[in-house]
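K.L.:
Throughout the sequence shown, residue numbering follows this note's numbering, covering 11 to 330 in sequence.
Please note that a few of the clues may not be correct.
To be verified - Just the calculated beta-carbon pair ranges, DEER-fashion: (1) His208 <-> Asp37: 29 to 35 Å; (2) Thr65 <-> Ala253: 44 to 50 Å; (3) Lys121 <-> Glu257: 53 to 59 Å; (4) Ser234 <-> Gln172: 46 to 52 Å; (5) Arg239 <-> Ile281: 17 to 23 Å; (6) Lys323 <-> Arg249: 24 to 30 Å.
Don't read these hints as lab results, they were simulated from the structure.
Beta carbons are placed, not taken as given, at the ideal position from N, Cα and C, and that holds for glycine.
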Amino acid sequence: MTKKNPEDIAICLNCYKIKFKPRNKPDSEQLSLSQVFGTENIFDIYNGFVKTIDTRSVFTNKAQNRVLYLSKTMQASPSNNIVAGTVMKGHNGPETAIDELIGGEVTTVGKVSSEQFHCHPYFFLLYANKNEPKEIIFIAQSYKQYGYKEVFEEAFREFVNQNSSQSLTIQFNTLSIASLFEKFIEDGKIYKLRFVKHSLSKTVESLLYGDEPGKEDRYEMELSVKSKRGFFGVKKAIRYNDASFIEHVQLEGFEFEEAYADVVVGGRKRILNITKPSEFCAAYDITHEVHVDTKTKLPNFSEVFEQAVGILKNDLIPYI
Numbered sequence: 011m012t013k014k015n016p017e018d019i020a021i022c023l024n025c026y027k028i029k030f031k032p033r034n035k036p037d038s039e040q041l042s043l044s045q046v047f048g049t050e051n052i053f054d055i056y057n058g059f060v061k062t063i064d065t066r067s068v069f070t071n072k073a074q075n076r077v078l079y080l081s082k083t084m085q086a087s088p089s090n091n092i093v094a095g096t097v098m099k100g101h102n103g104p105e106t107a108i109d110e111l112i113g114g115e116v117t118t119v120g121k122v123s124s125e126q127f128h129c130h131p132y133f134f135l136l137y138a139n140k141n142e143p144k145e146i147i148f149i150a151q152s153y154k155q156y157g158y159k160e161v162f163e164e165a166f167r168e169f170v171n172q173n174s175s176q177s178l179t180i181q182f183n184t185l186s187i188a189s190l191f192e193k194f195i196e197d198g199k200i201y202k203l204r205f206v207k208h209s210l211s212k213t214v215e216s217l218l219y220g221d222e223p224g225k226e227d228r229y230e231m232e233l234s235v236k237s238k239r240g241f242f243g244v245k246k247a248i249r250y251n252d253a254s255f256i257e258h259v260q261l262e263g264f265e266f267e268e269a270y271a272d273v274v275v276g277g278r279k280r281i282l283n284i285t286k287p288s289e290f291c292a293a294y295d296i297t298h299e300v301h302v303d304t305k306t307k308l309p310n311f312s313e314v315f316e317q318a319v320g321i322l323k324n325d326l327i328p329y330i
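Turn these sequences into a full structure, and let the hints guide you.
P.N.:
Take a look at the structure:
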């Protein structure tokens, strides 16, 4: 086991709220878990859900190109209303060869047919607040740019709709908490400000050396300002519901479109969009907090679980 190399792997925990309401009704008519499931105990809800994604009844999405099934339950505690574990998400496609490099030469050692699935494990955590059991907190792990939230969402919607006599709208919303954003600003150290322009200025087009950028090219320019002490004045000016501070910032010779603050909170780095602070979402890069197996390249899921529970208890529960 070794500490993970951020150039090789990136592991994030992304936080969502699962909410329920009658179809075609306003958000103000949100239903409680008891009204939807007949119980507010996440353990009981989970027991029903896993029957649709266990190895005997693997969930397959409508396009028939994704599968999801339970790999392991790591914790299912009725006392604290937390359920956590790992799921396997698989995808299929054209037939591929499994090649191995032996002595510098390629040897085909197997094949994956178009009817077989490449499967990868991901961590999940579900939590319901017993004091206000109106929604489920869902923490989903992603790996680099890959995740399983979409197929999990489809599986969960199908489970709810098959087991409810009501016509429901089930919302998976990115968790955004104003008080959490302001906590990061108040408790953290803003050590870098980054200003981003989503195109090239005329003065730097010579860098292309005659290249003709195609439609797929998306050039960006970035100006960054770093401070070892931290930006105390900026810290006082940033607010979750007010972006006027950054709207008045002018950088001579550089017209930016977005600005970001790199903040260290409790040893963790967070990147906050200060031009659109209300779009802040609770997503955590735990790259440096877990070990990765050098052979399998998979994270230690017990450590991922510890990180998720810490985030839930310290950052989410006090503010939701």
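K.L.:
Holds or violated: the 17 to 23 Å window for the beta-carbon distance between Arg239 and Ile281?
P.N.:
20 Å Cβ-Cβ, so the 17 to 23 Å window holds.
K.L.:
Assuming the hint says 29 to 35 Å, is it satisfied by the Cβ distance from His208 to Asp37 or not?
P.N.:
holds, 32 Å
K.L.:
Does the hinted range 44 to 50 Å hold for Thr65 and Ala253 at CB?
P.N.:
For Thr65 and Ala253 the Cβ distance comes to about 49 Å; the hint holds.
K.L.:
Using the beta carbons of Lys323 and Arg249, state whether their distance is inside 24 to 30 Å or not.
P.N.:
holds, 26 Å
K.L.:
Could you tell me whether the CB distance from Lys121 to Glu257 stays inside 53 to 59 Å?
P.N.:
57 Å Cβ-Cβ, so the 53 to 59 Å window holds.
K.L.:
Ser234 and Gln172, beta-carbon distance inside 46 to 52 Å?
P.N.:
The hinted range 46 to 52 Å holds for Ser234 and Gln172, with Cβ atoms some 51 Å apart.
When each numbered hint is compared with the structure, no violation occurs for any of them.
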